[in-house]
Amino acid sequence: MVYCLCTEGAHWRRTLHRVYTSEPGSSMNKALGRQLKKYRIFYLMFLPVAVYFIIFSYYPFLRGLIMSFQENRLLGNRPFAGLANYKFVLKDSNFLSAVTNSLIIGLWDMVLYFFFSLGFALILNELVHRTVKQTIQTIAYIPYLFSWAVIGGVWVLIFDLQGLVNQFLSIFGTEPIFFLATPDYARPLIIAMGVWRSMGYFALLFTVAIMNIEGQLYEAARIDGASRFMQIRKIILPSLIPTMKTIIVLLSIGVLTHFDEIYVMVNPANRRLISTLLLFVYETGILNFQTGTASAGATLVMAGTLLITGLMRKFIGYDKE
Amino acid sequence: MKSRLSKKDNLPLGLSALNILLLVLVVVLMGLPMLNVLAVSLSTQAKSDAPGLVLLPTPPTFEGYTFIWKHTNLPRPFFNTVYVSVVGTVLHVLMASLAGYILCQNKLPFRKAMTTFILLTMTVPYELTMIGIYAVNRDLGLTNTYAGLIINGMVSGFSVFLMRNYFQAIPLSLAESARIDGSGEWRIFSSIYLRLSVSGLMTIGTLELIRRWNNITMTITLISDMKKWTLPVVLRFILFDQTSTSGTSYIFANAKMAAVVMTALPLVVLYFFTQSFFSSGIMIGSVKE
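Protein chains in written order, with this note's numbering: chain A, 924 to 1244; chain B, 11 to 299.
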């Protein structure tokens, strides 16, 4: 019985092919029927998962796409509006400033996440003491466990007039700066928040990749008289290239999707400078019920994300191997 | 095999010193703010608002905690968060492992199509479809309900593939001999696959619990009723918009930081208990592609 299961199953592809190319009602059709019947239980088990994804993943995506071509109405029938929402959004000054903010914050975050986490992973790797290494790694990783609201709380405290940062600056005789209400610091503060939270996480991905490097490579390098610095340059960095590429692609997907930290930190003083695209979508669509406008904005963000990711993939040669 | 010898090489003294200096800097930059938050949360009201840096609360007091717990009605969002996160995580782990089990049946007809079907859901970040998510949930009557928060995110492509990778490590012969003995698929799934993948289940469970506990986007998309808000959303109001949560009373820094610690601490505790599963999850996740 089990034997049948294996051998017959192995041929399902061929069977399918025959089914598609043969006439209806042939014996091959029955063979597929037998196959499907045998595996019926698996399809049944898959049903809840499939239903979930259709209702809560595929359908909302389509629904948003459709709404972007409809008039701003949440209830009742929504007349078709053509490209009106897109035209409106592209002329909306709030949307346009959100594009600028998103690009500045998103691209800075991407670059800084990458280099800080790579740098941190590299210097951490040079530590010999295992326990110390792990402790430092844990300290750096912990902020990644926190909600953006928690990170916001940390920022409120340390960037306060009497906070940690001003205390530190006062050593050099600097007058206290009210960071959270000074527009000049709005973007740097948001970008720094992201780096503080995520550096440890991405560094961990690099660290795992460094640990997977074969020890023999170092030994061979040592026989050739390569210094540790040369080993880092010629062995560790090249071995990390696949991980770097994966992380860059991951990060480029996130460039335009900064939302939680903005929602937490936004206030009248910094709104103009840090309000991002997703905050625009949220405020327009969910808070003000302008669903058509918001969906058009969201669709443009999707297109932008696709473009950025596509460009990055091409730039780093992600799809070549 | 990794070689012990590989660690024998060291950087020259100067670089080595610079390296240690940089690491100390990282520890200070990461650790000091957290220590500062903890210390302020344990300080007295007067001390937390006075100028000067607090890194050690002397004497430690829970004043801030009791104040915020009572005055801003924090128990409500706290238990909302616990309820939504725990129930949601249990369902998530069940659904993801079920799908993972199906996807590792390598002789199943249409398995490729099913894999692609799930893979496609990972291509668009869900934040980008929030208007659609809101509309669909409203039509289903799920807005402003706990059920809405639990159901959305009940399974994710990431967890499904993580579980599939765990299951693929289990020899097929185990399942086959169970089939000979007449065990049904449900039984094979629950008593062989689930039992042998405890670390996988723990990994996706922990990751999902953290994700749900911290989630802001989904909560503010689906829930406008403040009574059903979760901890991070309420924390944001405590920090920045106090009039709406506390009525008249001013919230001092020690109470604000107490709320921060109460939101963050459960996850730190969870992390220390599940740390070993964690790194294995990241390994497996990174091996995937």
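Please note that a few of the clues may not be correct.
[Said to hold, decoys possible] Simulated restraints on C-beta separations: (1) A/D1147 with B/T68: 26 to 32 Å; (2) B/L31 with A/F1095: 17 to 23 Å; (3) B/R197 with A/I1027: 51 to 57 Å; (4) B/R148 with A/A973: 31 to 37 Å; (5) A/L1092 with B/V34: 50 to 56 Å; (6) B/R197 with A/L1013: 27 to 33 Å; (7) B/H81 with A/I978: 53 to 59 Å; (8) A/L967 with B/N20: 55 to 61 Å; (9) A/Q1057 with B/R197: 39 to 45 Å; (10) B/T68 with A/S1020: 33 to 39 Å; (11) B/D59 with A/L1092: 49 to 55 Å; (12) B/H81 with A/S1093: 29 to 35 Å.
[As the list claims (entries may be wrong)] Computed list of chain A residues with no C-beta within reach of chain B, every gap over 12 Å: (13) Y1009; (14) K1010; (15) G1076; (16) E1142.
No wet-lab data here; the hints were simulated from the structure. On a predicted model such as this, the values are computed, not experimentally measured, just so you know. Backbone N, C-alpha and C fix where the C-beta goes; we use that ideal spot for every residue, glycine too.
Right, here's what the structure says about each hint:
{"no.": "1", "hint": "A/D1147 with B/T68: 26 to 32 Å", "result": "violated, 58 Å"}
{"no.": "2", "hint": "B/L31 with A/F1095: 17 to 23 Å", "result": "holds, 19 Å"}
{"no.": "3", "hint": "B/R197 with A/I1027: 51 to 57 Å", "result": "holds, 56 Å"}
{"no.": "4", "hint": "B/R148 with A/A973: 31 to 37 Å", "result": "violated, 23 Å"}
{"no.": "5", "hint": "A/L1092 with B/V34: 50 to 56 Å", "result": "violated, 20 Å"}
{"no.": "6", "hint": "B/R197 with A/L1013: 27 to 33 Å", "result": "violated, 58 Å"}
{"no.": "7", "hint": "B/H81 with A/I978: 53 to 59 Å", "result": "violated, 41 Å"}
{"no.": "8", "hint": "A/L967 with B/N20: 55 to 61 Å", "result": "holds, 60 Å"}
{"no.": "9", "hint": "A/Q1057 with B/R197: 39 to 45 Å", "result": "holds, 40 Å"}
{"no.": "10", "hint": "B/T68 with A/S1020: 33 to 39 Å", "result": "violated, 47 Å"}
{"no.": "11", "hint": "B/D59 with A/L1092: 49 to 55 Å", "result": "violated, 20 Å"}
{"no.": "12", "hint": "B/H81 with A/S1093: 29 to 35 Å", "result": "holds, 33 Å"}
{"no.": "13", "hint": "Y1009", "result": "holds, 14 Å"}
{"no.": "14", "hint": "K1010", "result": "holds, 18 Å"}
{"no.": "15", "hint": "G1076", "result": "violated, 4 Å"}
{"no.": "16", "hint": "E1142", "result": "violated, 6 Å"}
Checked against the numbered hints given earlier, this structure breaks hints 1, 4, 5, 6, 7, 10, 11, 15 and 16; the rest are met.
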